[in-house]
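One letter stands for each residue in the lines below.
2 protein chains.
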Amino acid sequence: MIIALAGGVGGARLAHGLARALPPGELTVVVNTGDDFVHLGLHICPDPDTVLYTLSELADPERGWGLKGETFNCMEALGRLGGETWFALGDRDLATHIERTRRLAAGEPLSAITADFAARLGIAHAIVPMSDDPIRTIVHTSEGILPFQDYFVRLHCAPEVKSLTFEGAEAASPSPGLCAVMKSQDLSGVIICPSNPFLSIDPILAVPGIRPWLQGRNVPCIAISPLIGGKAVKGPAAKIMAELKLDATPRAIAQHYQGLIDGLVIDEADTANAFGECLVTNTLMSDVADRERLAREALAYIERLRPA
Amino acid sequence: MIIALAGGVGGARLAHGLARALPPGELTVVVNTGDDFVHLGLHICPDPDTVLYTLSELADPERGWGLKGETFNCMEALGRLGGETWFALGDRDLATHIERTRRLAAGEPLSAITADFAARLGIAHAIVPMSDDPIRTIVHTSEGILPFQDYFVRLHCAPEVKSLTFEGAEAASPSPGLCAVMKSQDLSGVIICPSNPFLSIDPILAVPGIRPWLQGRNVPCIAISPLIGGKAVKGPAAKIMAELKLDATPRAIAQHYQGLIDGLVIDEADTANAFGECLVTNTLMSDVADRERLAREALAYIERLRPA
Chain A
1 MIIALAGGVG GARLAHGLAR ALPPGELTVV VNTGDDFVHL GLHICPDPDT VLYTLSELAD
61 PERGWGLKGE TFNCMEALGR LGGETWFALG DRDLATHIER TRRLAAGEPL SAITADFAAR
121 LGIAHAIVPM SDDPIRTIVH TSEGILPFQD YFVRLHCAPE VKSLTFEGAE AASPSPGLCA
181 VMKSQDLSGV IICPSNPFLS IDPILAVPGI RPWLQGRNVP CIAISPLIGG KAVKGPAAKI
241 MAELKLDATP RAIAQHYQGL IDGLVIDEAD TANAFGECLV TNTLMSDVAD RERLAREALA
301 YIERLRPA
Chain B
1001 MIIALAGGVG GARLAHGLAR ALPPGELTVV VNTGDDFVHL GLHICPDPDT VLYTLSELAD
1061 PERGWGLKGE TFNCMEALGR LGGETWFALG DRDLATHIER TRRLAAGEPL SAITADFAAR
1121 LGIAHAIVPM SDDPIRTIVH TSEGILPFQD YFVRLHCAPE VKSLTFEGAE AASPSPGLCA
1181 VMKSQDLSGV IICPSNPFLS IDPILAVPGI RPWLQGRNVP CIAISPLIGG KAVKGPAAKI
1241 MAELKLDATP RAIAQHYQGL IDGLVIDEAD TANAFGECLV TNTLMSDVAD RERLAREALA
1301 YIERLRPA
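Residue numbers (our numbering), protein chains in the order written: chain A, 1 to 308; chain B, 1001 to 1308.
By construction, these hints were calculated from the structure, which means they are not laboratory data.
Watch out, some of these pointers could steer you wrong.
To give a feel for the contact side, a few chain A residues facing chain B, derived at Cβ under 10 Å [claimed, not checked]:
| id | residue |
| --- | --- |
| 1 | N73 |
| 2 | C74 |
| 3 | M75 |
| 4 | R103 |
Computed list of lysine to aspartate or glutamate pairs in EDC-like fashion (alpha-carbon distance at most 20 Å, straight line) [said to hold, decoys possible]:
| id | chain 1 | residue 1 | chain 2 | residue 2 |
| --- | --- | --- | --- | --- |
| 5 | A | K68 | B | E1076 |
| 6 | B | K1068 | A | E76 |
| 7 | B | K1231 | B | D1247 |
| 8 | A | K234 | A | D150 |
| 9 | A | K245 | A | E160 |
| 10 | B | K1239 | B | E1160 |
Which stretches of chain B does chain A cover? Using the computed rule of at least three CB atoms under 8 Å from a CB of chain A, they are [to be verified]:
| id | segment |
| --- | --- |
| 11 | 1093 to 1104 |
| 12 | 1117 to 1129 |
| 13 | 1254 to 1268 |
This structure is a prediction, so every number in the text was calculated from the model and none was measured.
Backbone N, C-alpha and C define an ideal beta-carbon position, used for all residues, glycine too.
Isolated chain A (complex conformation):
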């Protein structure tokens, strides 16, 4: 059993590669829920949905978010009625939010709903939210304290990030599925996906019990750097690193995960800045074949790092 910690698009793509490389049931994808928010009365879970859509091969391959062949007729009509349209929800995507909101209101935990959605979409591996308790990423910026989606979508990551906090994390518990796999005798490795370390992975590590468990684990843990040539493939990772006075290099990523990982997978473009225990390879995931190749290389790297 492999655990993958994942956030948005990059994380979902590697998780998809792992899902293809591993036999059914041997992967648990633990997903960031710090980006979740209630909008238009709907409970929206951007990162879990990106993982659901990517692993079911329903995701839009270009945009990275949402469903392929999606329409936006509801949003267009909402605009005509004077509603808020800055967060674009596709017509098919809306079904996910409507049904999740209904089931949450009926008392079902987020992880049970997510597991059911995954099964209905034909996904053979476990997708578990980091927690069933509400945790909200708050971005402290040059323009004030912002809820995550205001920073990320409404303001297009323009404000300068000073720090991040995870509201509700202290009182939260890991989700039941995560608890089970953390204790599993079948666990053979942990992979931190090439997601934004600050926005996507840190919220997972903020859930009480997860960081100490990672520090004390007896199986290898590796991270895949989200940087290629000192830049993020997508998203604001490099911009945020600069704002936090960090170099956008493998060294900074390795230091960020210090004590949590045994090795770091970095891109060939960053060879000159390799730092510590590294696997250097092509980390760009342009297509499904790339995802699966990188996943197989990461799994082989874990095997090499396993204590004899």
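Given chain A, put chain B in place with the hints provided.
Chain B alone, transformed into the frame defined by chain A:
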């Protein structure tokens, strides 16, 4: 100023004719909200929406409900996730329900939201819900007591109707817009649209104050029979009349509205069964020209019935 009492498709079509025949601001359409219900967490108002869509000329001309050119991608995706799809909500239509639900939750009254939607859709007349208080039509049938939409949509009106009650009506008040126009010195007539008397008009008459006001009014009131040749153009009016041991004739309609109307508009196909004060004409509204013609004939009939 003319008041039109309206329910679903037939009522909306005559209201549309009246809207075209009258100068802007001289029509108030009072709409049944007894069909309203909460479904998938959304506050759905079928009759007010049919009136909004019909008067804005956005309604689907064939189906009678919903928007023209509508897509149902959300419903299809909802089915894939195991959600309830028996009540078909179009993608554009969903925007109405999402925005209304959000504004109701924020504390706005239904009538203010409806007025705003009407203005945004370019409607120059007032559309007012019969009440801002929740009133729910309950259908007592051979198969038990059913919420309206279970009877109407889920069971396709198949159960035999024994009686109807309007839950919440006793505690309800007419909406502020209706109260204002009931007291208006400019009121020149009332038209009961060719809506189902039992399902669409009776809930309006059940709101405290409306029936006594109609009984005591000093302007003419007419009804347009929803029957053509003893059958309803659409919907279960004739079926329900049979189940309630009423003949599907102008006499039964006139008796149903006894004390409330000064005259009844009936179709040429029912000439043989004309009863009391009647205007006989073609009441089928196949296109927009038909709606406007029937509206103008109804307005002229009101003038003829006005006391000298």
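We went through each hint and held it up to the structure:
1. Checking N73 (chain A) against chain B: minimum C-beta separation of about 4 Å stays under 10 Å; hint holds.
2. A cut of 10 Å between beta carbons decides the hint on C74 (chain A): the least distance to chain B is about 5 Å, and the hint holds.
3. Interface hint status for M75 (chain A): upheld, as the beta-carbon distance to the closest one in chain B is roughly 7 Å, under 10 Å.
4. The interface hint given for R103 (chain A) is met, as the beta carbon of that residue sits about 9 Å from the closest beta carbon of chain B, less than 10 Å.
5. Simply put, K68 (chain A) and E1076 (chain B) have alpha-carbon atoms about 14 Å apart, close enough for the 20 Å limit, and the pair holds.
6. At most 20 Å may separate the alpha-carbon atoms for a hinted pair to count; K1068 (chain B) and E76 (chain A) meet this at roughly 14 Å.
7. Among the hinted pairs, K1231 (chain B) with D1247 (chain B) is consistent with the structure: their alpha-carbon atoms are about 10 Å apart, no more than 20 Å.
8. A threshold of 20 Å between alpha carbons decides the hint, and for K234 (chain A) with D150 (chain A) the separation of about 18 Å falls inside it, so the pair holds.
9. Taking the CA atoms of K245 (chain A) and E160 (chain A), the gap is about 11 Å. The hint holds against a cut of 20 Å.
10. Between K1239 (chain B) and E1160 (chain B) the CA atoms are separated by roughly 9 Å; this keeps the pair inside 20 Å, and the hint holds.
11. With 8 residues carrying a beta carbon less than 8 Å from a beta carbon of chain A, the segment 1093 to 1104 of chain B meets the three-residue requirement, and the given coverage holds.
12. Three residues within the 8 Å Cβ limit are the bar, and the segment 1117 to 1129 of chain B against chain A gives 3, so the coverage statement holds.
13. Using a Cβ-Cβ cut-off of 8 Å, 0 residues of the segment 1254 to 1268 of chain B lie near chain A, which falls short of the minimum of three, so the contact claim is violated.
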